[in-house]
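Let's have the full structure, built from the sequences with the hints guiding it.
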Amino acid sequence: MYCPNCGTETNPDSEFCQKCGTNLKEGTRNTCVPPNVTYALPLKSTGLAAVLSFLLAGLGQVYVGKIARGIIFVCVGVCIGILSTILMLGGIEIDTNGELSAYTLSYFIAGAAILIAYLVFWVWQIFDARNLANQYNDALRQTGNPPW
Numbered sequence: 001m002y003c004p005n006c007g008t009e010t011n012p013d014s015e016f017c018q019k020c021g022t023n024l025k026e027g028t029r030n031t032c033v034p035p036n037v038t039y040a041l042p043l044k045s046t047g048l049a050a051v052l053s054f055l056l057a058g059l060g061q062v063y064v065g066k067i068a069r070g071i072i073f074v075c076v077g078v079c080i081g082i083l084s085t086i087l088m089l090g091g092i093e094i095d096t097n098g099e100l101s102a103y104t105l106s107y108f109i110a111g112a113a114i115l116i117a118y119l120v121f122w123v124w125q126i127f128d129a130r131n132l133a134n135q136y137n138d139a140l141r142q143t144g145n146p147p148w
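Mapping to UniProt numbering: the sequence shown position 82 is 82, numbers consecutive.
Read the hints as simulated data drawn from the structure, not as lab findings. For each residue, glycine too, the CB sits at the ideal point set by N, CA and C. It is possible that part of the hints are untrue.
To be verified - Using C-beta positions, here's what the derived DEER-type ranges look like:
(1) LYS19 - ILE72: 26 to 34 Å
(2) PRO146 - VAL51: 17 to 25 Å
(3) THR22 - CYS79: 54 to 62 Å
(4) THR143 - THR104: 55 to 63 Å
(5) TRP148 - LEU100: 26 to 34 Å
This is the structure:
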């Protein structure tokens, strides 16, 4: 039997908890695992997972243990950044004197559209990292083992 107040293991015949003095005869007896369970692995911080993903897409996923998913997200972010930069700068035309002679608007629009799509992906992956941390913590609390 465990004390319902502090979780200390007590003698089933005791009237009071030896540690905190709670009356054990009142109410229901707590014969389950004590409330102060320590896990073999620490829980993951949902806030830290979100902040890491805010700083670099995919870093929060790596933090919660989804390494391949995080690396894919980092690669997607880098590729989209390079592609949009090339498109936005690709429309600049410089004449022989080294001055800007024209700018093709279609390149800029394509680059801007890709950047907007990336911003949507970036916000989504922040929430994904937070949700993965919650899933990790829930599985750890229920089974005592990490889910992946």
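Going down the list of hints, with the structure as the test:
no.: 1; hint: LYS19 - ILE72: 26 to 34 Å; verdict: violated, 50 Å
no.: 2; hint: PRO146 - VAL51: 17 to 25 Å; verdict: holds, 21 Å
no.: 3; hint: THR22 - CYS79: 54 to 62 Å; verdict: holds, 60 Å
no.: 4; hint: THR143 - THR104: 55 to 63 Å; verdict: holds, 57 Å
no.: 5; hint: TRP148 - LEU100: 26 to 34 Å; verdict: violated, 52 Å
Comparing the model with each earlier hint shows violations of hints 1, 5; every other hint is respected.
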